[in-house]
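Protein chains in written order, with our numbering: chain A, 1 to 466; chain B, 1 to 550.
Each hint should be verified, as a subset may be incorrect.
Footprint (simulated), chain A over chain B, 3 or more residues, beta carbon under 8 Å [to be verified]:
id: 1; segment: 27 to 34
id: 2; segment: 45 to 59
id: 3; segment: 258 to 264
id: 4; segment: 466 to 479
The calculated PhoX-like cross-link candidates involving lysine-lysine, where the alpha carbons are at most 20 Å apart (straight line), are [to be verified]:
id: 5; chain 1: B; residue 1: 456; chain 2: B; residue 2: 467
id: 6; chain 1: A; residue 1: 80; chain 2: A; residue 2: 344
id: 7; chain 1: B; residue 1: 362; chain 2: B; residue 2: 291
id: 8; chain 1: A; residue 1: 62; chain 2: B; residue 2: 291
id: 9; chain 1: A; residue 1: 284; chain 2: B; residue 2: 60
id: 10; chain 1: B; residue 1: 298; chain 2: A; residue 2: 294
id: 11; chain 1: B; residue 1: 467; chain 2: B; residue 2: 340
id: 12; chain 1: B; residue 1: 466; chain 2: A; residue 2: 62
id: 13; chain 1: B; residue 1: 494; chain 2: B; residue 2: 340
id: 14; chain 1: B; residue 1: 456; chain 2: B; residue 2: 466
id: 15; chain 1: B; residue 1: 160; chain 2: A; residue 2: 307
id: 16; chain 1: A; residue 1: 344; chain 2: A; residue 2: 284
id: 17; chain 1: A; residue 1: 284; chain 2: A; residue 2: 325
id: 18; chain 1: B; residue 1: 344; chain 2: B; residue 2: 298
id: 19; chain 1: B; residue 1: 494; chain 2: A; residue 2: 284
id: 20; chain 1: A; residue 1: 325; chain 2: A; residue 2: 294
id: 21; chain 1: A; residue 1: 294; chain 2: B; residue 2: 291
id: 22; chain 1: B; residue 1: 160; chain 2: B; residue 2: 15
id: 23; chain 1: B; residue 1: 484; chain 2: B; residue 2: 494
id: 24; chain 1: B; residue 1: 160; chain 2: A; residue 2: 284
id: 25; chain 1: A; residue 1: 307; chain 2: B; residue 2: 466
No lab work stands behind these hints: they were computed from the structure. Each residue gets a CB set at the ideal place from its N, CA and C atoms; glycine is no exception.
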Amino acid sequence: MRHIFQREILDQLSSFKFFAGLLLVLILFGVNGAVFSLRYRNDLVEYRQVQQRWEQQLAERKKLDDLPQQVFEVLKTPLKTAFLASGGQDRLPNAYRFTISVWGDMPTTYRAFSQNSLVESFQSLDWSFLVGTAFSLLALVFVYDSISGEKAQGTLKMLQTYSVSRNSILLGKLLANLVTLLVMLVAGMLVSLLLVVLVGQIDLGIADLIHIGLFTGLSAFYVTLFLCLGMLLSSITHRPTASMVLGVMVWVVSIVVIPGVGTLIIQRVHKIRTTNEVSEQAGKVWDQIEEEYKGESSTWRGREMGKADNYQAERVSIVAQNKRKHLQESIWEDYLRQEFEQAKIVRRISSISPTGLFEYSVESLNGTGVLRDESLVRESQQYRRGVEEWIRQRDLADPESPHLCFQSGYLSLASLQVSIVPRPQFKEPSVAEGLSDALWKVIILAAEVLAMGLAVVLTFQHYDVR
Amino acid sequence: MSQPNRSLLGTLVLKELHDLVLTLRFSIGTALTLVLAILAAYIGSLDYNARLSSYQTKLKLNHDWLARSAVYSFLQPTVVRPPEPLSILNHGLEGRLGTDFPISIETETTEAEGQNRGNEYLAIFSEVDLTVIVAVILGLVAVLFTFDALCGEREAGMLKLVMSYPLSRSQFLLGKYLGAWLALMIPATLACVLSLMVMEFTAQVHFGSQEIVRIALIFALFALYLSSMLLAGLVVSSLTQRSSVALVFSTFAWFFFVTIVPNLATMIPDFAGDRPRIYQQARERLAQVDKEQDTAYKKLQDPRDPESAMPRDPMALYYYAINNSSNGWTGFECHFGDAKYYDKLRDFFGQLIPFAMRLASKRADIWREYVRYRYHQAALARGISFLSPTAVFRNNVTFLSGTSEVDYAHFIDLASRYRNTFLNYLQGKNAFNSWRWFTTDFDDGDRPWTEIVAGKTADEMAASGKKPEDVLNQWLHDRVAFAKFLQAEMEREKRTDRRLPLGDLPAFRYARIGTGEVLVHGAPEIAFLMIVNLVLFLVVFTRFVRYDVR
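This is chain A alone, in the form it adopts within the complex:
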């Protein structure tokens, strides 16, 4: 088998396909490195700008009573490994906004950076995309004639005269091509990393290096799958051109058709409401509270007037409005959960194709995708509870305050040092979280590779080499 491996690898490394493919890979990964370096720099600038604007706004609040009007924001830090797998982080909501005031807007996720809605959306040319599309195509290009081509040239029946089993032929070819493609991949990754570290000045930590290592391993799996597929097609057809044509068609189904169908049918498979409908439902809560409190749900006489009877009417009103806000917020939180669920289902449908599965796994391993978005919401809600409790405690410490949480005009007038207001801190999902999220997907991918390998072995056993 070693001879076959050596022969095959020398063949491939000196072929035109290798040089053309290597050139393509270096260009693509180079563009990836350059573009994501620039992107990260811009993102960092915008991140600081958003924080600065928020701090400036906060600095205007002189007393605790002003805080309910302050819009609080929790921002995701720009993702350092976006060049590996961005998981849509460059387009999806990256911040969670809430107001403490009982009259505040509903908490919502949104995109805090500048964006251009006048230009169509794009697919991020990150490593996961490049390996998912280009490397699968390259794998097919390298092995489409591995069997049918050799048969056409007449060299296959010569191999049979040597005492070498059919399985070792397959294994030799597979390993040789895998090594060739991995050489190209590593070369591309190095080019991209060089640009990212030197131009983008992204300093990668241990966690990021682990992510890169895991990605390389997963890519090897994925490439093996397509190598096996290519060899399978090569042994089904008898002319190399036919194998390649069939290969390209299968590739298109895997890359374009199945994910496309996923997005098309998601609304029929798992329908959720539109924001209009949710707004309507939330709007009805106003009427519901009005009915329940019979016109006494919103009486505010001012700090001076209300003091006369210790804010009796206002206490009823604040209970009513807190109830209303709580009901409306649960409606919106529920909707957000449904959105996440839908996003996960689309990814699952796309995972029917190995490319979809690969991209979904890389996303999870890299700690991005839905995992990161859900992290943001969870941590923001925690932060919010912390801030509310903090305000409540400080307000209670002031005996002069009417203690109507949280209505501006009825809280403590004591002066406030904004530097002591608790600040948000976004924590990335840990490596362990990413691994556990990706576990099932990686297992299924490994199973698919094994199945494809078995298929090739079985088909080649019965192949007529003459």
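With the hints as your guide, set chain B onto chain A.
For chain B alone, coordinates are given in the frame of chain A:
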């Protein structure tokens, strides 16, 4: 000699067509195309119906809101853009851009809001529509038809045989090309026809003459684009000696045209541009306008805030309107106040409203600079797209289907003009200088609260020396009297005679950009596709003239 040549060409075309139709590429390609086209048309139609019903709901909500408005400051119409029927064939920017344009005194809207968005977490998944199917799948099939048209036939030994006939090289090329083009137009035409049929039965669209013309133009673009991909395959075929090499080249070229360039074209302006700086600039200037607003507002002395009036008049509350609701800065409705207070309010708003409009204009101008930069980025993306016929093709279909940024700009323009019409209407009704801006008293029978509580005018109560807070609190604690008052208030909301008379309010009329104008706008793209076709054919011809057929 010409007559047998022409029939020979015809035979060649038919032979090529016949051969291609029998291949696996044709059957798989056609099957994929038709299945996806039907699915995309069906789902697209259902989505369109949902957007249409949302549009109609918004129109109704707007109509109801206007009909319920009692005072002019709450008269805030929203102009809505209808969904584009041809967006089913090409989504374009339809999902990304907003459709709602709210109109008010204090805001000069520059960008539409997207109030009825779908799941924004699905935004990263690309949408499949007929244009994408033709661009990607049929583009691939085109390249697979012709990559071995020359080198493959040469390898099979067929080329020297065919060349032995009395057929010129150019006629041979033309025959190959036409045969392949006809074979490719079969799935393209079927996909179009089936999509239109699905749309006819599922979507609530009505195809007028304008739509039919645009659909015909889109179909012509399909033909032009597919022709250019066929020729690209032919070029590769004429430049290589082995069909396996030609296949690799052709697939890489297709990958580059279909995936890399369109994504780069939208990615590069986004990633490498200066947008964050310009956005920050806009935000800083807006913050300055906010400060200007704050200082000027303090000088105006708002009579609505009894605790901030200087000097503090302890009797002021007697004149005050005790039922208030606000909508923004200038939206305000109140009841049960005294005439003196209302006069003060009217004068205040008389000053505030022009000031608010000036500031709105200023803010809009600042934001428009940022929007203009984004249009430049869109133009840059369009420019980079010229590296790929696929990208150029898709951009052009976006123009024709009415889902481009040009159509959006047109809507914003129309809506902005309507805002001016609306403001002139308000001016004509003297809305800015009358009580009707903020109250329906005393036309609706509501009297000042002092008369309801104590049966005396505000002046009489002020003269009595009693503190108004005590009078109000006492009345609040009288459960019977206060409940009667609340009941009367809730009744008032339901009365229709206090609504504003809006019979003469001009309505908003939306009209799409004319087809001629759209064609002019897309002229560079159309010209590019035509030139590409010409150039590629010339290249193939020059190469093939000296091609070794043995």
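Subject >> Stated coverage of the segment 45 to 59 of chain B by chain A [criterion: 3+ residues, CB within 8 Å] >> reply: holds (count 6)
**OP:** Given the hint that residue 80 (chain A) pairs with residue 344 (chain A), test it: the Cα-Cα distance must not exceed 20 Å.
**Re:** 23 Å, violated
Original post:
Between residue 298 (chain B) and residue 294 (chain A), is the straight-line Cα distance small enough, at 20 Å or below?
Top reply: 36 Å, violated
Subject >> Verdict on chain A covering the segment 258 to 264 of chain B, criterion of 3 CB contacts below 8 Å >> reply: As far as the segment 258 to 264 of chain B goes, the hint holds, because 5 residues have Cβ atoms under 8 Å from chain A.
Original post:
Between residue 466 (chain B) and residue 62 (chain A), does the CA-CA distance stay at or below 20 Å?
Top reply: Violated, because 35 Å separates the two Cα atoms, which is more than 20 Å.
Original post:
Holds or violated: residue 325 (chain A) with residue 294 (chain A), Cα cutoff 20 Å?
Top reply: 17 Å, holds
Original post:
Is the hinted pair residue 160 (chain B) and residue 15 (chain B) satisfied, with a Cα-Cα distance of at most 20 Å?
Top reply: 17 Å, holds
**OP:** Could you grab the alpha-carbon distance between residue 160 (chain B) and residue 284 (chain A) and see if it respects the 20 Å cut-off?
**Re:** Answer violated: residue 160 (chain B) to residue 284 (chain A) is near 80 Å, above 20 Å.
Subject >> Restraint status (C-alpha distance of residue 456 (chain B) to residue 466 (chain B) at most 20 Å) >> reply: 13 Å, holds
Original post:
residue 494 (chain B) and residue 340 (chain B): Cα distance at most 20 Å?
Top reply: 28 Å, violated
**OP:** For the pair we were handed, residue 284 (chain A) and residue 60 (chain B), check the Cα-Cα distance against 20 Å.
**Re:** Holds, at roughly 17 Å.
**OP:** For the pair we were handed, residue 467 (chain B) and residue 340 (chain B), check the Cα-Cα distance against 20 Å.
**Re:** Holds - the C-alpha atoms of residue 340 (chain B) and residue 467 (chain B) are around 19 Å apart, at most 20 Å.
Checked against the numbered hints listed earlier, the structure breaks hints 6, 10, 12, 13, 15, 16, 21 and 24; every other hint is satisfied.
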